[in-house]
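Engineer: Please take these sequences and the hints and turn them into a complete structure.
As given, the protein sequences belong to chains A and B, one line each in that order. Quick note on numbering: our numbering labels position 219 of the first sequence as 219, and the sequence is numbered without any gaps. Quick note on numbering: our numbering labels position 286 of the second sequence as 607, and the sequence is numbered without any gaps.
Hints listed in this document are in silico derivations from the structure and should not be mistaken for laboratory results. None of the hints are false.
Rough simulated footprint, nothing fancy, chain B against chain A, three-plus residues with beta-carbon under 8 Å:
1) 51-64
2) 96-110
3) 134-144
4) 175-182
Derived Cβ-Cβ restraints for the label pairs, each shown as a range:
5) Glu289/A <-> Thr503/B: 51 to 59 Å
6) Gly79/A <-> Asp508/B: 51 to 59 Å
7) Gln352/B <-> Glu289/A: 51 to 59 Å
8) Gln352/B <-> Ala181/A: 34 to 42 Å
9) Gly437/B <-> Pro299/A: 54 to 62 Å
Which chain B residues face chain A? A few, computed with CB under 10 Å, are given here:
10) Gly373
11) Ala450
12) Thr459
13) Pro472
14) Ala474
Small disclaimer: the values here were computed from a predicted structure and weren't measured. The beta-carbon is built from N, C-alpha and C at its ideal position, and this holds for glycine as well.
Number of protein chains: 2
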Amino acid sequence: MSAHATTTEPAAHLAQDAGADFEAWAARRAQRARELVERYTGAWLTPGSPLGEAMHYAAALGGKRMRPLLVWATGECLGADEAALDAAACATELVHAYSLVHDDLPCMDNDVLRRGQPTVHVRFGEAMAMLAGDALQTRAFEVLTSDPALPPALQARLCGLLAAAAGAAGMAGGQALDLGATGRRLDLQALRDMHALKTGALLRASVMMGLACAAEREPGLAADCEGALRRYADAVGLAFQVVDDVLDASMDSATLGKTAGKDAEQGKATFVGLLGVEPARDHARRLLEQALQALRELPQPARARSARLAELAQRVVARSH
Amino acid sequence: MSAHATTTEPAAHLAQDAGADFEAWAARRAQRARELVERYTGAWLTPGSPLGEAMHYAAALGGKRMRPLLVWATGECLGADEAALDAAACATELVHAYSLVHDDLPCMDNDVLRRGQPTVHVRFGEAMAMLAGDALQTRAFEVLTSDPALPPALQARLCGLLAAAAGAAGMAGGQALDLGATGRRLDLQALRDMHALKTGALLRASVMMGLACAAEREPGLAADCEGALRRYADAVGLAFQVVDDVLDASMDSATLGKTAGKDAEQGKATFVGLLGVEPARDHARRLLEQALQALRELPQPARARSARLAELAQRVVARSH
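Structural biologist: As structure tokens, then:
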């Protein structure tokens, strides 16, 4: 992907995967996501620049790399071009990384620990953390538009999907709703609507960006798959948040890698608060079943190649942190 | 521009301008920039949403609309498509608005007054101001990719130019350098390099985006103009900052519409600090002459249509706030 991408060839990593089991695939993809975001927060920056260091630190901190995994799993299901998937995967993770940096700031969640490490503002100061988040967001759009091998129409489509998911009608809008809801009693529908924006929009966009990459090669198949993949993504996105609430309520900070129990402490509405722990777990399992049902509704040959998407959904619900 | 743009037709506003004098043209374009940013921070948002209100407030606060004026003046000089120029102009102003919101935050400049009005965080709180800045940046990329009438390759090119100018190798990078330089003695070259990123990159991108819009229709002419327009943009960008420093050192807050004398107070290097007021004014005049010389080097028919660009450069140097 672009003249800057010289350390790993995008074509090679996919060929290795034939027949690999899910955990090995996911580990290799997570590693690749890390390589991509580190490259795109490193190579273009002056060595020793504190902004570059802060961006790189934020991007390297990453955990499950859920969004890139969704991009790749969707793209592989539909036979998409690897270089395009790499760009899309990297861009979703950069936007996710930016949102975490800003979320952790004192004026937001004021969190000092993220994945067991000091948060970016603790390490680099508030002003630099804010700028690093700003520049990580921008970098996502640079990544999507910097590879001359990607068809321009696809670059534009990916930018549009990412911007719509990240902005006021997506992730940022959800964060604003969350901010306004602290200390207020949201009902289940309002909580769902908030999370559909705050975390759901970017997870859904990851699937839709994988689909957009495939639409370049297989427009007919991609169009036929869109409805089912959207239902899959919506169910997985909501399940992700329900499980997050269950983990926040039932784990300690060391296992979680971030400060546990903060939601309750801050008076935030959660699925556990509204439903209780066990019913919330059941809710997550029903959402998993919806996601798997959506995959069963995919037309062939996509359905036969949707195992990674199914396993990803299962991992979301079964995860312990 | 897109289904959302229904209140003003882009074609109409250009036809009115034949023979209009510069001030009337600039006032009409500034008004159009305001309409566009208000539309793109209003129409897509739920009424009563505090995030939408904060974005709208930030966008409406705008002053000289220098970046959109540069987009339009460049595009008109080269015969670019009006809808494309509208999108590009709006996007540059949204990125500028986002940068001001974040710049004013307590962790950055901690400024309470902007264009004579309370800054966004004073009005809406810090967390909402940060989110509004984040979402204004995202919105810029939505605007560039939301009009199906714009050729996808142009959408991608505009996104790429804007992202490169706004990010770590542009505006955000310059802000980080500025942050690191507070209280330190920068020399003239380091000060110039910092401003080439902090304010120069987005001003230059405004010219380059106007050029990109024209390249769709007139690729040969646009290519022939690129070097001269880049020299023009660099000179105007630097002149803009030199004049800013002169105004900051010599005006009161009421005239300036923002807190005056803050640079000196914060120990920041300025052109006035390094050169003195009168030599800084002379420097700005020499930069103006460089900008005008670059326009004289444009090939025809661009040179004959470059009056707006020349007048804009003159306005930058002659402005009083």
